[in-house]
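Peer 1: Using the sequences and the accompanying hints, generate a full structural model.
Going down the list, the sequences are from chains A and B.
At position 142 of the first sequence the residue is numbered 142 (full-length UniProt numbering), and the sequence of numbers has no breaks.
At position 115 of the second sequence the residue is numbered 115 (full-length UniProt numbering), and the sequence of numbers has no breaks.
Note that these hints are calculated values from the structure, not bench results.
Be a bit skeptical, because a hint or two may be false.
Below, a list of computed lysine-lysine pairs in the DSS-like style, where the Cα atoms sit at most 27 Å apart [as the list claims (entries may be wrong)]: (1) A:Lys46 to A:Lys24; (2) A:Lys90 to B:Lys117; (3) B:Lys9 to A:Lys141; (4) A:Lys90 to A:Lys113; (5) A:Lys90 to B:Lys137; (6) B:Lys113 to A:Lys141; (7) A:Lys113 to A:Lys24; (8) B:Lys137 to A:Lys113; (9) B:Lys54 to B:Lys117; (10) B:Lys95 to B:Lys113; (11) A:Lys141 to A:Lys113; (12) A:Lys141 to A:Lys46; (13) B:Lys9 to A:Lys90; (14) A:Lys141 to B:Lys137; (15) B:Lys51 to A:Lys90; (16) A:Lys141 to B:Lys95; (17) B:Lys95 to A:Lys90; (18) B:Lys51 to B:Lys95; (19) B:Lys137 to B:Lys113; (20) B:Lys117 to A:Lys113; (21) A:Lys66 to B:Lys95; (22) B:Lys9 to B:Lys54; (23) A:Lys46 to B:Lys95; (24) B:Lys9 to A:Lys66; (25) B:Lys9 to B:Lys95; (26) A:Lys90 to A:Lys66; (27) B:Lys113 to A:Lys66.
A few chain B residues that don't get close to chain A, going by computed Cβ distances all over 12 Å [as the list claims (entries may be wrong)]: (28) Gly18; (29) Pro22; (30) Glu104; (31) Met132.
Pulled a few chain B residues facing chain A out of the computed Cβ check, cut under 8 Å [what the hints assert, rightly or not]: (32) Glu20; (33) Ala23; (34) Trp79; (35) Val91; (36) Phe93.
Even glycine gets a Cβ: it sits at the ideal position worked out from N, Cα and C.
The primary structure of each chain is shown beneath.
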Amino acid sequence: MALDQSFVGRSYPPTGPYEVGREKIREFAEAVGDANPAYTDTEAAKAYGHPDVIAPPTFVFAITFKAAGQVIEDPQLGLDYSRVVHGDQKFAYTRPVRAGDRLSVTSTIEAIKSMAGNDILDIRGEVHDEAGEHVVTAWTKLVARAAEEA
Amino acid sequence: MTTPSTTAKIRYEDVEAGAELPAQTFPVTRATLVRYAGASGDFNPIHWNEKFAKEVGLPDVIAHGMFTMAEAIRVVTDWVGDPAAVAEYGVRFTKPVVVPNDDEGAVIEVSAKVAAKLDDDARTVRVDLTAMSAGQKVLGMSRAVVRLA
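Peer 2: What follows is the structure, given as structure tokens:
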């Protein structure tokens with residue numbers, strides 16, 4: 001069943017702060033095999049002008065996608081998550097995420113489309129730090145594949 | 001407002017549209033995916049459980065799309081040095097990276113080129129990325145806006 005268009009523009013309450021740990025950044029950088037010292041060496045990060053180690057560009061997805069759970073699991077929206085695949089992903093950065101950040105995410109449904117029986121959902125996650133300053137925006141396109149005929 | 005990077009290794013004046021970045025290849029095994037699942041918190045069984053993956057119609061276990069996205073941008077961040085030079089980054093997940101349960105696993109091949117010089121004041125360029133695995137394009141519309149020095 002097509003998703004309700006009246007959900008377009010709906011925003012969900014900001015998530016409680018996620019505190020970015022330096023060892024979590026290290027774990028992520030190691031998992032993707034990225035030896036850039038800006039992720040693990042405070043002095044190297046400082047040489048680039050950052051106050052502390054920074055996170056790789058896609059690290060923040062773990063935080064924004066968890067926040068998008070508010071949308072995905074909204075019983076009123078009724079998305080069938082078992083049929084969902086990740087279609088597109090985009091980030092626009094004001095500054096890199098860094099160790100010690102306490103980040104909150106505000107998720108908004110930007111668009112709902114129906115194409116060939118597939119539901120396409122665009123979610124925007126605005127990430128702010130504890131001072132309320134913008135850090136990064138993440139756009140996630142989810143595609144719920146059409147249910148097979150019974 | 002995008003401001004020029006003061007720390008990127010690459011100077012805006014030194015690049016032209018069409019310039020290629022050093023290409024890289026990234027191996028992916030089942031162990032890589034288990035490790036990425038833990039680090040990212042994405043425990044979807046299609047990324048580690050072959051039986052489950054096949055039940056939902058996949059040929060085998062597939063890599064996390066976000067893993068491929070993380071690898072592809074390394075071609076850019078290794079080129080510029082300071083990862084904060086990446087101002088925007090987006091991809092479309094076009095085909096899965098299929099990862100067999102053997103010692104070889106899969107390989108993601110990433111190439112990139114400067115598609116356009118965007119803004120002489122902000123010193124930004126658009127880099128277009130191509131990511132291939134087993135002869136198939138696994139990312140589409142894969143683009144980054146990068147602030148150069």
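Peer 1: Next step is simple, just say for each hint if it's right about the structure.
Peer 2: Structure-based check of each hint:
1. Restraint check: the Cα-Cα separation between Lys46 (chain A) and Lys24 (chain A) comes to about 19 Å, which is no more than 27 Å; the hinted pair holds.
2. For a cut-off of 27 Å, the pair hint linking Lys90 (chain A) to Lys117 (chain B) stands: about 20 Å separates their Cα positions.
3. For the proposed pair Lys9 (chain B) and Lys141 (chain A), the alpha carbon gap of about 33 Å is over 27 Å, so the pair is violated.
4. A threshold of 27 Å between alpha carbons decides the hint, and for Lys90 (chain A) with Lys113 (chain A) the separation of about 18 Å falls inside it, so the pair holds.
5. The hinted pair formed by Lys90 (chain A) and Lys137 (chain B) meets the criterion: a straight-line CA distance of about 18 Å does not exceed 27 Å.
6. Proximity of Lys113 (chain B) to Lys141 (chain A) is assessed by CA-CA distance (about 25 Å); at most 27 Å being required, the pair is judged to hold.
7. Distance hint between Lys113 (chain A) and Lys24 (chain A) is unfulfilled; the C-alpha atoms sit about 36 Å from each other, more than 27 Å.
8. Annotation: proposed proximity of Lys137 (chain B) to Lys113 (chain A) holds, straight-line Cα distance about 25 Å (limit 27 Å).
9. A threshold of 27 Å between alpha carbons decides the hint, and for Lys54 (chain B) with Lys117 (chain B) the separation of about 44 Å lies outside it, so the pair is violated.
10. For the hint linking Lys95 (chain B) to Lys113 (chain B), the alpha-carbon distance of about 21 Å falls within 27 Å, and the restraint holds.
11. Taken as a hint, the Lys141 (chain A) and Lys113 (chain A) pair is honoured in the structure, with Cα atoms around 11 Å apart against an allowance of 27 Å.
12. Annotation: proposed proximity of Lys141 (chain A) to Lys46 (chain A) is violated, straight-line Cα distance about 35 Å (limit 27 Å).
13. Distance restraint check for Lys9 (chain B) and Lys90 (chain A): the Cα-Cα separation of roughly 24 Å lies within the 27 Å cut-off, and the hinted pair is therefore satisfied.
14. A C-alpha spacing of about 19 Å is found between Lys141 (chain A) and Lys137 (chain B), which places the hinted pair at or below 27 Å, so the restraint holds.
15. For the hint linking Lys51 (chain B) to Lys90 (chain A), the alpha-carbon distance of about 31 Å lies beyond 27 Å, and the restraint is violated.
16. Note on Lys141 (chain A) and Lys95 (chain B): the hinted pairing holds, with a Cα-Cα distance of about 15 Å set against a maximum of 27 Å.
17. With a CA separation close to 17 Å, the supplied pair Lys95 (chain B) and Lys90 (chain A) stays within the 27 Å bound.
18. Straight-line distance between C-alpha atoms of Lys51 (chain B) and Lys95 (chain B) comes to about 20 Å, which keeps the hinted pair within the 27 Å bound.
19. Distance check on the hinted pair: Lys137 (chain B) and Lys113 (chain B) sit about 16 Å apart at the alpha-carbon level, within 27 Å; holds.
20. The suggested pairing of Lys117 (chain B) with Lys113 (chain A) is violated, with an alpha-carbon distance near 33 Å, which exceeds 27 Å.
21. As the CA atoms of Lys66 (chain A) and Lys95 (chain B) are separated by approximately 24 Å, the hinted pair is consistent with the 27 Å bound.
22. Between the alpha carbons of Lys9 (chain B) and Lys54 (chain B) the distance comes to roughly 45 Å, so the proposed pair goes past 27 Å and is violated.
23. The hinted pair formed by Lys46 (chain A) and Lys95 (chain B) fails the criterion: a straight-line CA distance of about 38 Å is larger than 27 Å.
24. Restraint check for Lys9 (chain B) and Lys66 (chain A): not satisfied, since their Cα atoms lie roughly 34 Å apart, outside the 27 Å limit.
25. Among the hinted pairs, Lys9 (chain B) with Lys95 (chain B) is inconsistent with the structure: their alpha-carbon atoms are about 33 Å apart, more than 27 Å.
26. Between the alpha carbons of Lys90 (chain A) and Lys66 (chain A) the distance comes to roughly 16 Å, so the proposed pair stays at or under 27 Å and holds.
27. For the suggested pair Lys113 (chain B) and Lys66 (chain A), the alpha carbons sit about 33 Å apart, so the restraint of at most 27 Å is broken.
28. Its beta-carbon lying about 24 Å from the closest one in chain A, Gly18 (chain B) satisfies the requirement of being farther than 12 Å from that chain.
29. The beta carbon of Pro22 (chain B) sits about 14 Å from the closest Cβ of chain A, which is more than 12 Å, so the claim that it is off the interface holds.
30. Non-interface status of Glu104 (chain B) relative to chain A is upheld: no Cβ of that chain comes within 12 Å, the nearest being about 16 Å off.
31. At the 12 Å boundary, the C-beta of Met132 (chain B) stays outside the reach of chain A, the nearest C-beta of that chain being 18 Å off.
32. Because the beta carbon of Glu20 (chain B) sits about 21 Å from the nearest beta carbon in chain A, more than 8 Å, this interface hint is broken.
33. With 8 Å as the threshold, the beta carbon of Ala23 (chain B) stays out of range of chain A, its nearest partner Cβ sitting at about 16 Å, so the hint is violated.
34. The interface hint given for Trp79 (chain B) is broken, as the beta carbon of that residue sits about 11 Å from the closest beta carbon of chain A, more than 8 Å.
35. With 8 Å as the threshold, the beta carbon of Val91 (chain B) comes within range of chain A, its nearest partner Cβ sitting at about 6 Å, so the hint holds.
36. Residue-level restraint check for Phe93 (chain B) holds (minimum Cβ-Cβ distance to chain A is 6 Å; threshold 8 Å).
Of the numbered hints given earlier, the model fails hints 3, 7, 9, 12, 15, 20, 22, 23, 24, 25, 27, 32, 33 and 34; all others are met.
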